[in-house]
Amino acid sequence: MKTQAKTLSRRGFLQASAAVAATAAGVPALKGHLATAHAAGAAPQAPVTSHYTVCDMCFNRCGMIARVQNGRVVKLDPNPKFLKSRGMLCARGNAAVDHLYDPNRLKTPLLRKGARGEGKWQQLTWEQALDHAAEQFTRIAEKYTRCGVMFSPGSDMQSQFLIRFAEVFGSYNVTSHETLCLLSKNRAYLDTFGETPYADVLYSKYIIISGANPLEAIITPDTIDLMEARKNGCKIVVLDPRYTKTAALADEWYAIRPGTDMAFFLALTNVITEERLYDPAFAEKMLFGLDEYAAHVRQYTPEWAAGECGIPAEDIRRIAREIAAAAPAAMIYPGRRSSDYEDSTQIRRSMAIANALLSNWDRPGGILASREVGVRAPYFDVPWYDDNPDDRIDHGMAPGLIHHEGSFKLMRDAIIKEEPYPIRGWFTFKTNFMQTAANRNKTLEMLKHLDFVVNADIVMSDTAWYSDLVLPSPSFLERNDPVSALQGSSACACAVWRDAVVPAMHECRDMLWICTELSKRLGFPESFDFTLDEYRKLQLESIPEAFEAIKADGVYYNPSKVYGIYFDSPLKTQAKKIELFNQRYAHEGLDPMPVYKAPRRKEGAFRLVVGRTAFFTHSNTNNALLIQFKDENTLWMHPRSAARQGLVDGEMVEVASAAGTVTLALRLFEGMEEETVYMATGFGALSPELPLVHNRGASIAEVLEDHADFISGNMAMHETLVTVTRRVG
Amino acid sequence: MKKYAMVIDSSMCIDCKACMASCKVQNNVPRGYWRNWIKHTIPDFSQGSQTRTHFQPGGCMQCDNPTCVQACPSGATYKDTQNGIVRVNEALCIGCGNCITACPYDARFRHPDRRVPDKCDFCFSSGRLERGLLPACVDTCPTKARVFGDLNDPDSDASRLLREKPSVRVLARGGIDTKPNMYYVAATAPTDWVGEVEFPGAFTTMATLVNPVVKVAVGLSALGVAVMWAKQIFSPDREESEHESSAPGKD
Ligand code: SF4
Ligand code: SF4
Ligand code: SF4
Numbered sequence: 001m002k003t004q005a006k007t008l009s010r011r012g013f014l015q016a017s018a019a020v021a022a023t024a025a026g027v028p029a030l031k032g033h034l035a036t037a038h039a040a041g042a043a044p045q046a047p048v049t050s051h052y053t054v055c056d057m058c059f060n061r062c063g064m065i066a067r068v069q070n071g072r073v074v075k076l077d078p079n080p081k082f083l084k085s086r087g088m089l090c091a092r093g094n095a096a097v098d099h100l101y102d103p104n105r106l107k108t109p110l111l112r113k114g115a116r117g118e119g120k121w122q123q124l125t126w127e128q129a130l131d132h133a134a135e136q137f138t139r140i141a142e143k144y145t146r147c148g149v150m151f152s153p154g155s156d157m158q159s160q161f162l163i164r165f166a167e168v169f170g171s172y173n174v175t176s177h178e179t180l181c182l183l184s185k186n187r188a189y190l191d192t193f194g195e196t197p198y199a200d201v202l203y204s205k206y207i208i209i210s211g212a213n214p215l216e217a218i219i220t221p222d223t224i225d226l227m228e229a230r231k232n233g234c235k236i237v238v239l240d241p242r243y244t245k246t247a248a249l250a251d252e253w254y255a256i257r258p259g260t261d262m263a264f265f266l267a268l269t270n271v272i273t274e275e276r277l278y279d280p281a282f283a284e285k286m287l288f289g290l291d292e293y294a295a296h297v298r299q300y301t302p303e304w305a306a307g308e309c310g311i312p313a314e315d316i317r318r319i320a321r322e323i324a325a326a327a328p329a330a331m332i333y334p335g336r337r338s339s340d341y342e343d344s345t346q347i348r349r350s351m352a353i354a355n356a357l358l359s360n361w362d363r364p365g366g367i368l369a370s371r372e373v374g375v376r377a378p379y380f381d382v383p384w385y386d387d388n389p390d391d392r393i394d395h396g397m398a399p400g401l402i403h404h405e406g407s408f409k410l411m412r413d414a415i416i417k418e419e420p421y422p423i424r425g426w427f428t429f430k431t432n433f434m435q436t437a438a439n440r441n442k443t444l445e446m447l448k449h450l451d452f453v454v455n456a457d458i459v460m461s462d463t464a465w466y467s468d469l470v471l472p473s474p475s476f477l478e479r480n481d482p483v484s485a486l487q488g489s490s491a492c493a494c495a496v497w498r499d500a501v502v503p504a505m506h507e508c509r510d511m512l513w514i515c516t517e518l519s520k521r522l523g524f525p526e527s528f529d530f531t532l533d534e535y536r537k538l539q540l541e542s543i544p545e546a547f548e549a550i551k552a553d554g555v556y557y558n559p560s561k562v563y564g565i566y567f568d569s570p571l572k573t574q575a576k577k578i579e580l581f582n583q584r585y586a587h588e589g590l591d592p593m594p595v596y597k598a599p600r601r602k603e604g605a606f607r608l609v610v611g612r613t614a615f616f617t618h619s620n621t622n623n624a625l626l627i628q629f630k631d632e633n634t635l636w637m638h639p640r641s642a643a644r645q646g647l648v649d650g651e652m653v654e655v656a657s658a659a660g661t662v663t664l665a666l667r668l669f670e671g672m673e674e675e676t677v678y679m680a681t682g683f684g685a686l687s688p689e690l691p692l693v694h695n696r697g698a699s700i701a702e703v704l705e706d707h708a709d710f711i712s713g714n715m716a717m718h719e720t721l722v723t724v725t726r727r728v729g
Numbered sequence: 001m002k003k004y005a006m007v008i009d010s011s012m013c014i015d016c017k018a019c020m021a022s023c024k025v026q027n028n029v030p031r032g033y034w035r036n037w038i039k040h041t042i043p044d045f046s047q048g049s050q051t052r053t054h055f056q057p058g059g060c061m062q063c064d065n066p067t068c069v070q071a072c073p074s075g076a077t078y079k080d081t082q083n084g085i086v087r088v089n090e091a092l093c094i095g096c097g098n099c100i101t102a103c104p105y106d107a108r109f110r111h112p113d114r115r116v117p118d119k120c121d122f123c124f125s126s127g128r129l130e131r132g133l134l135p136a137c138v139d140t141c142p143t144k145a146r147v148f149g150d151l152n153d154p155d156s157d158a159s160r161l162l163r164e165k166p167s168v169r170v171l172a173r174g175g176i177d178t179k180p181n182m183y184y185v186a187a188t189a190p191t192d193w194v195g196e197v198e199f200p201g202a203f204t205t206m207a208t209l210v211n212p213v214v215k216v217a218v219g220l221s222a223l224g225v226a227v228m229w230a231k232q233i234f235s236p237d238r239e240e241s242e243h244e245s246s247a248p249g250k251d
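Just so you know, the sequences run in chain order B and U. Sequential numbering from 1 applies to the first sequence in full-length UniProt numbering. Sequential numbering from 1 applies to the second sequence in full-length UniProt numbering.
These aren't lab readings, by the way, just hints derived from the structure by calculation. Just to be clear, a hint being listed does not mean it is correct.
[Said to hold, decoys possible] Lysine to aspartate or glutamate pairs mimicking DMTMM-like chemistry, simulated, CA-CA at most 25 Å apart:
hint, chain 1, residue 1, chain 2, residue 2
1, B, Lys231, U, Glu130
2, B, Lys81, U, Asp44
3, B, Lys205, U, Glu164
[To be verified] One side only, chain B facing chain U, incomplete, derived with CB under 8 Å:
hint, residue
4, Val97
5, Tyr101
6, Leu111
7, Thr223
8, Tyr243
9, Leu571
10, Phe615
11, Leu625
Glycine included, each C-beta is placed from N, C-alpha and C at the ideal position.
Go ahead and model the full structure; you've got the sequences and the hints to work with.
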């Protein structure tokens, strides 16, 4: 079966298969509750109905069609019309069935009875639970001001209600999960381009990926587009101390020494500026501080960089020339979880500047500005409380703090010190700092300073396990959610919402209901005097056509401008241009251009890097289906390093840092830089109500030291140095 | 008449396991068992920056010359002439397990509760095809590395891809061509996961000589019921189904 090759466009192909699925699934007629024919076979089966929804197993929000039979979700399929996810659903999205029917779901409100973490609970009615919460919040507000309650709203589609609640309640102390994730990157691009960009992977011809692993840490549409672009001839170069799946499928992979990425990019831009490989017209119009920058990087030659990062100088030179030749349809991939080093903002700035020199801003195959979606945040009054302190508790602790996100790491330190003022309450919703934030022992220490911790979630996460009041939430398949605006590459600026696919089980109540009920008890009922439908209407006021589109297709696309948004308007930076030289940094005593500092090293110690697979999300690993792919994490180490330590494959080792010690099995793997060890997130849960990961493998939160990015305050996840020894006894 | 086939561009596979998860949910595949899998090459790190890994999705090949069907003494395993799918009529299965060893692709396992062979049937019995849906693995695949369609329809995705790209098939070792209906675009690697067809020794003669008679007899009579009852009691669990790259593990 050999036929002559003719290139088949993957795009056409994707569309074609989408079209097949669409017509076949009866999608045009699929308006929420379409009954499809029952399956063949002897026994007649109940009809399967199909319902649009949006996945929530990670933050990507891929389009889903839920198949429901006899009132149960039996299968989740991708929504072929959903461009952001390119008509796919990853393993985790498929496993949402086990998330929904997890026997360990929280079922009723629970009040802690014994000591924190002891697991003694008393069931409450919602009435009792809400009364209790309102009473505690009032007591804290009276004694410690309203800023005495910290809010962690997670990244759920209902999180906006908790943020609104926090603001009306009067606390500035809101911190999101992003403070463990991508604030360093956001900061770097804000301070270079005035915006946080999206990558136009699909149309790119040359991509350098450093400090990201998009083929495993799935991000839509980038992951899918990367493979598509690669097929269309895009060259992919990966720098990673670990041989990831992204590395495995790249054209070139360099096992870079951890934490030396900046050296590589300074040298790359050294070549581009020395050899004048940039576009002079673009430089003239768009770049601020090019001459200063060119002078600054003259010292950072490829030969110098080779000594730091371990990548040969001739390769750095060649890659610089190649990518410059492919520009502007070329990029340094901006990355996602960019919170890795104390110097992260500057490391990411060195990448942002390299992008600027590729003149790829706002152009096909480059990095793009946000597009207009049209979803509005409904207005609400934020009251003034006279006795509140002047600012958030972590204010001024990092020069580039992003104000509405804060820094969990710095807030936690401030709470423990009780300075500049005390915080005594914590309201967390679907976020699990106990398992995701570095230095779990410190989070436990922080809890000692808190009088009242309330957690709303689907299961008893580690954070819930250490709370005082636990509120059962419906899963994303059981609730109606407000409109959410999504962006991603040039493909989409879209709006979506969720309607419940099945009724909420047990006594689960959504965040809107909880906020409404609490607002009545706390004396600001007017802030939540709307129904979800009314709220959606307000959100879509400027795009009423979105209503019908979302009902018909599960998604609305805004036909807004994609490229050239800034061709005729100034950037939102101080210089109104792309700032290679950042004037504000200079003013504040920070390096206006990235200056290389070698990462810390210690004789006999390894740098611990963390990450995940394509089938697990952060701390949400307690899933009966997904656990079958991998039931425990291990410590990855190069065989030569292990030999030097006298360690053998499979044995149990102790991994010790200044923050804590964990024990897990050793896995020897040649795809590791020799100074680096790796472990995956999501295991070693403290909560016995997560039986699949409780005491299995080890938790990254236990062993990671808590460092922060100097500029953004973001938690720096790769600063930990560990010793690895044979477990004794 | 249809001739369903899967065409796989394994160079697009990112080993995300979405296909495996999707299949398990759609077909209620029991814990620890899989109807499809991803195999991978062992990276050769002496290649330095050129080190690569190739991921190769697989599953039942829906062979045109299915050795599993030949090995089945009761006629329970058969090739559906309407669509080319190799299926199992559970009512006729005597639980002998011959089909499991006779498959060189290791595509079958014994269902631990139902005690009958289980394998991919392109989502036929789950009703997806009839409802006009693609098989669960194909539908969910992020990169559409897996493509499905009717080879008798020149406009199907599978036919088109086969026409436009060179393809190869993974063949059994030992000289038996099972004529698989799973095509790999361009390259297949790894290829070492294919085994030899193993007809149970005593069975080889029976399969060729007695087989048609037995099939008719079992197919016609209540004998089938009797043996079915016997198999529930006697058939041992077998572990052949553990595909090494899909088995759970510490990783
Ligand atoms: S990437 Fe996977 S888990 Fe995340 S939203 Fe999409 S389908 Fe769900
Ligand atoms: S792959 Fe194995 S089980 Fe499938 S048809 Fe071929 S021989 Fe039978
Ligand atoms: S879903 Fe597609 S890309 Fe993912 S492992 Fe399966 S075949 Fe490969």
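Checked hints:
Note on B:Lys231 and U:Glu130: the hinted pairing is violated, with a Cα-Cα distance of about 33 Å set against a maximum of 25 Å. Using a Cα cut-off of 25 Å, the hinted pair B:Lys81 and U:Asp44 is violated, with the two alpha carbons roughly 40 Å apart. A distance of roughly 24 Å separates the Cα atoms of B:Lys205 and U:Glu164; the hinted pair therefore holds under the 25 Å criterion. Hint status for B:Val97 relative to chain U: holds, with the closest Cβ pair at about 5 Å, below 8 Å.
A hinted interface residue such as B:Tyr101 counts as satisfied when its beta carbon comes closer than 8 Å to some beta carbon of chain U; here the least separation is about 11 Å, so the hint is violated. Hint status for B:Leu111 relative to chain U: violated, with the closest Cβ pair at about 35 Å, above 8 Å. Because the beta carbon of B:Thr223 sits about 6 Å from the nearest beta carbon in chain U, less than 8 Å, this interface hint is met. Residue-level restraint check for B:Tyr243 holds (minimum Cβ-Cβ distance to chain U is 7 Å; threshold 8 Å).
For B:Leu571, the shortest C-beta to C-beta distance to chain U is roughly 34 Å, which exceeds 8 Å, and the interface hint is violated. Residue-level restraint check for B:Phe615 holds (minimum Cβ-Cβ distance to chain U is 5 Å; threshold 8 Å). Interface hint at B:Leu625: satisfied, since its Cβ lies 6 Å from the closest Cβ of chain U, which is below the 8 Å cut-off.
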